[in-house]
Amino acid sequence: MMENRSFDHMLGALKAQNADIDGLTGTETNPDITGAPVPVQELAEFQGQLDPDPDHHFPAVNLQIFNGGAAANMQGFVKSYFNQRRDVEHSKKIMYYFKPDDLPVLTTLATEFAVFNRWFSSIPGPTICNRAFAHYGTSFGKVAMDLLYVNEPFKSVYNRLIDANPKHTAKLFYYDQTSSTMEIVNLLQHQPELFGTYKEFLDACDKGKLPDYSFIEPNYNDHDGDDGEELASDQHPDHNIQAGESFIASIYQAIRKNDALWKSTALLIVYDEHGGIYDHVPPPACVPDGFVASANDTGIGTEFKFDRLGVRVPAILVSPWVPRGMVVKDRVFEHASIPATVTEHFLGTYDQRSPREKAAETFLDLLTSPVFRDDCPVFDFE
Amino acid sequence: MKIVKVPKPSSDSMNQKRAVSSLLKTQMLHLQEAEFRLPADYQTNIYINSIKTEGEAAEYIRLVTERIHEAHTARIRRARPKPKRERTFAIAAAAAKPPKKKAKKSAAKKKRQS
Numbered sequence: 001m002m003e004n005r006s007f008d009h010m011l012g013a014l015k016a017q018n019a020d021i022d023g024l025t026g027t028e029t030n031p032d033i034t035g036a037p038v039p040v041q042e043l044a045e046f047q048g049q050l051d052p053d054p055d056h057h058f059p060a061v062n063l064q065i066f067n068g069g070a071a072a073n074m075q076g077f078v079k080s081y082f083n084q085r086r087d088v089e090h091s092k093k094i095m096y097y098f099k100p101d102d103l104p105v106l107t108t109l110a111t112e113f114a115v116f117n118r119w120f121s122s123i124p125g126p127t128i129c130n131r132a133f134a135h136y137g138t139s140f141g142k143v144a145m146d147l148l149y150v151n152e153p154f155k156s157v158y159n160r161l162i163d164a165n166p167k168h169t170a171k172l173f174y175y176d177q178t179s180s181t182m183e184i185v186n187l188l189q190h191q192p193e194l195f196g197t198y199k200e201f202l203d204a205c206d207k208g209k210l211p212d213y214s215f216i217e218p219n220y221n222d223h224d225g226d227d228g229e230e231l232a233s234d235q236h237p238d239h240n241i242q243a244g245e246s247f248i249a250s251i252y253q254a255i256r257k258n259d260a261l262w263k264s265t266a267l268l269i270v271y272d273e274h275g276g277i278y279d280h281v282p283p284p285a286c287v288p289d290g291f292v293a294s295a296n297d298t299g300i301g302t303e304f305k306f307d308r309l310g311v312r313v314p315a316i317l318v319s320p321w322v323p324r325g326m327v328v329k330d331r332v333f334e335h336a337s338i339p340a341t342v343t344e345h346f347l348g349t350y351d352q353r354s355p356r357e358k359a360a361e362t363f364l365d366l367l368t369s370p371v372f373r374d375d376c377p378v379f380d381f382e
Numbered sequence: 001m002k003i004v005k006v007p008k009p010s011s012d013s014m015n016q017k018r019a020v021s022s023l024l025k026t027q028m029l030h031l032q033e034a035e036f037r038l039p040a041d042y043q044t045n046i047y048i049n050s051i052k053t054e055g056e057a058a059e060y061i062r063l064v065t066e067r068i069h070e071a072h073t074a075r076i077r078r079a080r081p082k083p084k085r086e087r088t089f090a091i092a093a094a095a096a097k098p099p100k101k102k103a104k105k106s107a108a109k110k111k112r113q114s
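Sequence order for the protein chains is A and B. First residue of the first sequence: 1, per the numbering used here; consecutive thereafter. First residue of the second sequence: 1, per the numbering used here; consecutive thereafter.
The set of hints was computed from the structure by calculation and includes no laboratory data. Glycine included, each C-beta is placed from N, C-alpha and C at the ideal position. Possibly wrong hints are sitting among the right ones.
Quick list of in silico lysine-lysine cross-link-like pairs, DSSO-like style, CA-CA up to 30 Å [claimed, not checked]:
| hint | chain 1 | residue 1 | chain 2 | residue 2 |
| --- | --- | --- | --- | --- |
| 1 | B | K8 | A | K99 |
| 2 | A | K305 | A | K329 |
| 3 | A | K99 | A | K257 |
| 4 | A | K207 | A | K15 |
| 5 | A | K199 | A | K167 |
| 6 | B | K52 | A | K142 |
| 7 | B | K2 | A | K99 |
| 8 | A | K257 | A | K305 |
| 9 | A | K15 | B | K8 |
| 10 | B | K8 | A | K199 |
| 11 | B | K5 | A | K257 |
To be clear about the criterion: a stretch of chain B counts as covered by chain A if any three or more of its residues have a C-beta under 8 Å from a C-beta of chain A, and this derived list gives those stretches [as the list claims (entries may be wrong)]:
| hint | stretch |
| --- | --- |
| 12 | 6-13 |
| 13 | 16-26 |
| 14 | 41-49 |
With the C-beta cut set under 10 Å, the calculated list includes, among others, these residues of chain A facing chain B [stated by the list, open to error]:
| hint | residue |
| --- | --- |
| 15 | Q49 |
| 16 | P52 |
| 17 | D55 |
| 18 | H57 |
| 19 | L188 |
| 20 | D222 |
| 21 | I241 |
| 22 | Y350 |
| 23 | L366 |
Input sequences plus hints: build the corresponding full structure.
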């Protein structure tokens, strides 16, 4: 799971190559603070452009989606970014998107395997609560960066698997100890049984010892490692986008080069939330989660019942059993789809889950290629 | 089969002096919460509000993650059942036991020999 980029920002340009991909036509606009329309532009850069980090906490995302009105029209992104630096010219950069050639890894995987037109972040808010949906199928009523406390009613997908059958294996792989994890509660309770490093992940791929389910976290900070400088690979603004491309490619290659593993593994690449960056698709309503965030917690003067999704993010399903160039249309996915899919696949019927997870779409039915594909791309690192 | 080149990020991308992002601040807060639950001798006593750069944050994150590992390992070591030591008089009694007598030949064996 990568960090903070919207679908249109990363993959929007692919619409020009394949009209089925719900990307950008180039005519989309947002008003700036003077009311003048600011168009989307193919000017995104690898680094140095989105500084300060665009706001993506609940009130800011509310402005981005609703622009102060009642209907979700995705017209408030420029205004929201303006609020941070009070600079009209700078606020326009929130509408920039990448040329496909700038992102050879992500766009190749999106066009060679399955790209989701409708994968939304679970909450119109920041990282931690969105990542919680990928681990627990809910954020237990949180809409911000609060620590998720223990003794909550639903188990993480890792504990579910292992508790149901000790033969099941599930792990979170963080990059290294200097990057660590965003799943601190789990780290404290289940270190080291549930945690490994990126090097251990590569080793497991090599030896064919990958757990039944693995969740891989990128490097969240620039630091000195044992092998020299380690660039942050999470793609969170203002970290280098190409470092994230390289990270994704290395995971793909690690699985791809082990024939047995490649035949039996599905890799989902997804972003936790949009990071305040423009996307043109209004997030839809969804099944309420059974939790309610108070008006005080949302910061917008009204409570939130977890009954609508956050902004759309890039999501790609990779497997030699996915037909080439698949575009997943008309079905809505969110991060609760991750534990829902894993639970359905390994455990079948499982009742102790959040209403959102129970209602979430699963995605293993997309592995529909009748024959094993031997035309899948390989990456060559410069 | 398509071969796709993966470009290297530019060499000046690294910036450990970058101001700490809100994400890293949150990660540090959560780690601080975690270290407060560790035994006192595993706590770093670092004042996280003094951390201003990404490099400093990385160092704090590494330290606490290591400490969580260490505390976990120590807890497992403590929880492992120790082998039972025999009581002194039992050891002394064992030492005082007479040597085993040689087994008598069985009646069947005696018959065969005669």
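Checked hints:
no.	hint	verdict
1	B:K8 <-> A:K99	17 Å, holds
2	A:K305 <-> A:K329	26 Å, holds
3	A:K99 <-> A:K257	29 Å, holds
4	A:K207 <-> A:K15	39 Å, violated
5	A:K199 <-> A:K167	23 Å, holds
6	B:K52 <-> A:K142	27 Å, holds
7	B:K2 <-> A:K99	19 Å, holds
8	A:K257 <-> A:K305	45 Å, violated
9	A:K15 <-> B:K8	26 Å, holds
10	B:K8 <-> A:K199	20 Å, holds
11	B:K5 <-> A:K257	17 Å, holds
12	6-13	holds (count 6)
13	16-26	holds (count 7)
14	41-49	violated (count 0)
15	Q49	13 Å, violated
16	P52	9 Å, holds
17	D55	9 Å, holds
18	H57	8 Å, holds
19	L188	5 Å, holds
20	D222	5 Å, holds
21	I241	8 Å, holds
22	Y350	28 Å, violated
23	L366	21 Å, violated
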